[in-house]
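Here the structure of chain Y is known, so what remains is to put chain U in place on it, guided by the hints.
2 protein chains.
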Amino acid sequence: MSQLSALPGKDTVTGQRYTFAPRMAKTPKSFIREILKVTERPEIISFAGGLPSPALIDVEGIRIASNSVLEQDGQCALQYSTTEGYLPLRQFIADRYKKRLGLSVSPDEILITNGSQQCLDLIGKVLIGTGDHIAIERPGYLGAIQAFSLYEPEFHPVPLMNDGPDTASLDETCHSCPVRLFYGVPNSQNPSGITYSEKRRKELAAILRNQGVLFVEDDAYGELNFSGNSLPSMRTFLPHQTIITGSFSKILAPGMRMGWVAAPPAIMEQLVVAKQASDLHSNYLSQRIAYEYLLHNDIDSHIRKIRAAYQHQCDVMIRMLREEFPETVSWTHPLGGMFIWVTLPEGCSSMEVFEQALKENVAVLPGMPFYVDGGGTHTMRLNFSNSTDDTIITGMGRLAGVIRRMYIP
Amino acid sequence: MSQLSALPGKDTVTGQRYTFAPRMAKTPKSFIREILKVTERPEIISFAGGLPSPALIDVEGIRIASNSVLEQDGQCALQYSTTEGYLPLRQFIADRYKKRLGLSVSPDEILITNGSQQCLDLIGKVLIGTGDHIAIERPGYLGAIQAFSLYEPEFHPVPLMNDGPDTASLDETCHSCPVRLFYGVPNSQNPSGITYSEKRRKELAAILRNQGVLFVEDDAYGELNFSGNSLPSMRTFLPHQTIITGSFSKILAPGMRMGWVAAPPAIMEQLVVAKQASDLHSNYLSQRIAYEYLLHNDIDSHIRKIRAAYQHQCDVMIRMLREEFPETVSWTHPLGGMFIWVTLPEGCSSMEVFEQALKENVAVLPGMPFYVDGGGTHTMRLNFSNSTDDTIITGMGRLAGVIRRMYIP
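So the protein lines, in turn, are chains Y and U. Taking the numbering used here, the leading residue of the first sequence gets 1, the next gets one more, and so forth. Taking the numbering used here, the leading residue of the second sequence gets 1, the next gets one more, and so forth.
Hints were generated in silico from the structure; no laboratory data involved. Owing to the predicted nature of the structure, the values given are computational and were not obtained by experimental measurement. The beta carbon of each residue, even a glycine, is placed where N, CA and C say it ideally should be. Just to be clear, a hint being listed does not mean it is correct.
Derived CB-CB ranges, DEER-like [unchecked claim]: (1) Y:Arg322 / U:Leu87: 36 to 46 Å; (2) U:Ser106 / Y:Ser169: 47 to 57 Å; (3) Y:Asp108 / U:Pro42: 19 to 29 Å; (4) Y:Thr12 / U:His312: 22 to 32 Å; (5) U:Gln75 / Y:Ser230: 25 to 35 Å; (6) U:Gln91 / Y:Arg405: 51 to 61 Å; (7) Y:Gln75 / U:Thr394: 19 to 29 Å.
Quick list of in silico lysine to aspartate or glutamate cross-link-like pairs, EDC-like style, CA-CA up to 16 Å [as the list claims (entries may be wrong)]: (8) Y:Lys26 / U:Asp300; (9) U:Lys26 / Y:Glu269; (10) U:Lys37 / Y:Glu324; (11) Y:Lys99 / Y:Glu269; (12) Y:Lys359 / Y:Glu40; (13) Y:Lys10 / U:Glu269; (14) U:Lys98 / U:Glu269; (15) U:Lys10 / Y:Glu269.
Just chain Y, with the same shape it has in the complex (with noise of 0.2 Å):
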């Protein structure tokens, strides 16, 4: 299964001849969206897709929110507006950044967008010229990659430990080549499940300060620690340097694309050309019913509810691999987030496993599509936050069948 999209010059059928720019062969086409088509199935159980859980999703808040906008505001909520967003939202956030983070960024250093997918394209619009070096974690977030090889940068992944990137080898890299920006995920990590200790996050700071390169801290997950501790952010040790991109994907809903980009002025200056260029302005009636519900309903106790309710679908899930699969096969344990990342033997085939599991209604993620240098084929991404006890339990009974019959003769 190649990863590249063809540079197709011809429709099949009326038998045009079409030109794309070169930057479309260097761009994957989402391996989990082709893989989500095939696991959409009501019978299969799927932990290849990286959902909220839908129960947690308070529709009957944000139906009384958007009712509100619209019958208070409503020929304004559904007007053109500003590029960088509606400011008592961008307040908001910034407001909860000092809170939860102790961090002082100011409204205008946010700019709300179309989800934090739409973060790394203006991101890579802004700082990544053709041929510039990136670094990124092995394994790195699928959307990043996807986001930016568009922007046609050669990457250099560094390889995530335990604790956090391998900075010994970030710092060899920033040696052998100007690296433009480290993007990665501190905080549970996608896919791993991965979080920065502090002492990595202060470790990487270092070498970054010192070669002048820009962190791209993708913070989607950061609100979804089980334990309710939240580690500092890297802006708290490189302000200058720090670019965050932040989701109200995973604690309100999903469908209404509201993410969010928070850059030092000089930066966020570039990404507001970049962003008007890109589509004027998110959805403002998304952003005026989202501040709405945030500003009449307790986040902080919803919130509490997801990372409950998550951890013990993690909880489940690793029980479940502990006692039900072969010894020679490991995973991680995420300290918050929606994904568990399993590493089966040496030699072992993660597709093959997702193409057997498959066969008995049970959908996986394998890993390779995460790393940017091949490799990985024996990795695999688990998400726990779209699943039942029941279909955890069910789902992986069956997968550690699968890899109970493929690799123990």
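Positioned in the frame of chain Y, the structure of chain U alone reads:
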């Protein structure tokens, strides 16, 4: 006033140095948005913007649709969804192409975007390599100039006549270099208000067919033709070489950022990859609300109301131009849309008119940013959709006075 944003190397407050991608130096900031900031004061009568009339947004209809979606299928409407967009909405758009323009477009050839501005970004991503030659109307839509600039093409402006682009000039350009695409707005063009005649459309199609050049048909204003009689889409004449961009901003509500692109299958395949990398998918809640609204309301009757109102506002503005302005000033006679293009005598400066008029609390949009090759210093765009009779009469009266005082000794 320079169109090019500088490439700031340094944060003026922190002293931190940053390096931006070269493409950012080539992207004009939106002059319109900079001007709109100046003109946001409530005492200003603004003909500078491009807002639809807020009185013609059916707020109550949208509130009912939103409530209904969230009541009946909220968990799903708030979850992640497919990159392509909500199938029933795409089917509605396809059906409307058939009914309104006689076009056979499959829903598979339609992708829902974050406003029609995003179509331009996606088209740039997929089709424009650095240095590629693209043709654009002169004057051309600023949003397209901005979006495409990020992909660093070489622009070739094609003069716009009263009945469409100067086809001889386009033909010459196509002979002098390999033109990748021609971007145009055949119906009630932004900024000029010009509509291509059917004869011009056929001539244009013949040239593009011969030269193998794609046509990007921005049809943001197609539904707003005052007479209700649509001219054929360029896809009628160039079925495999036309990409159409569409928008609900002018007929439903801009704040929901709902647009779409319709393209032949081989191009659509690449657009979907680019969309996925850019922001996964468009706001799903808003897609559901838009569809729910369209299902339960008579959109044709609503559009007829918008057409009648805009035609009336356009007539009032043209009457003021005819009765109050010096004879040396000329203007276009739009068949639809939201804009009139005004040409002052050679040597007059619309930037000076802008500055003088602003002192009398009237805002106009100088025409220069719509010219990729300079020029247009004596032109300006006037918007009539977002003003009442009274504000048009008062504002145009003041503007006439300013111009008379400046240019008639």
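Hints, verified against the model:
1. At about 42 Å, the beta-carbon gap between Arg322 (chain Y) and Leu87 (chain U) stays in the expected band of 36 to 46 Å.
2. Hint check: Ser106 (chain U) to Ser169 (chain Y), Cβ distance near 49 Å, so the stated range 47 to 57 Å holds.
3. Taking the beta carbon of each, Asp108 (chain Y) and Pro42 (chain U) are about 23 Å apart, inside 19 to 29 Å as hinted.
4. Remark: the range hint 22 to 32 Å for Thr12 (chain Y) to His312 (chain U) is contradicted by a beta-carbon distance near 50 Å.
5. In this structure, Gln75 (chain U) and Ser230 (chain Y) meet the distance hint of 25 to 35 Å, their C-beta atoms being roughly 29 Å apart.
6. Evaluation of the 51 to 61 Å hint for Gln91 (chain U) and Arg405 (chain Y) yields a failure: the beta carbon distance comes to about 44 Å.
7. The given range of 19 to 29 Å is respected by Gln75 (chain Y) and Thr394 (chain U), whose C-beta atoms sit roughly 22 Å from each other.
8. The hinted pair formed by Lys26 (chain Y) and Asp300 (chain U) fails the criterion: a straight-line CA distance of about 44 Å is larger than 16 Å.
9. Of the pairs offered as hints, the one joining Lys26 (chain U) and Glu269 (chain Y) holds, with about 15 Å between alpha carbons and a cut-off of 16 Å not exceeded.
10. With a CA separation close to 63 Å, the supplied pair Lys37 (chain U) and Glu324 (chain Y) exceeds the 16 Å bound.
11. The hinted pair formed by Lys99 (chain Y) and Glu269 (chain Y) fails the criterion: a straight-line CA distance of about 25 Å is larger than 16 Å.
12. Between the alpha carbons of Lys359 (chain Y) and Glu40 (chain Y) the distance comes to roughly 14 Å, so the proposed pair stays at or under 16 Å and holds.
13. Between Lys10 (chain Y) and Glu269 (chain U), the direct Cα distance comes to roughly 12 Å. Compliance with the 16 Å bound is thereby established for this hinted pair.
14. Annotation: proposed proximity of Lys98 (chain U) to Glu269 (chain U) is violated, straight-line Cα distance about 22 Å (limit 16 Å).
15. A distance of roughly 12 Å separates the Cα atoms of Lys10 (chain U) and Glu269 (chain Y); the hinted pair therefore holds under the 16 Å criterion.
Taken one by one, the earlier hints fail for this structure at numbers 4, 6, 8, 10, 11, 14, listed in ascending order.
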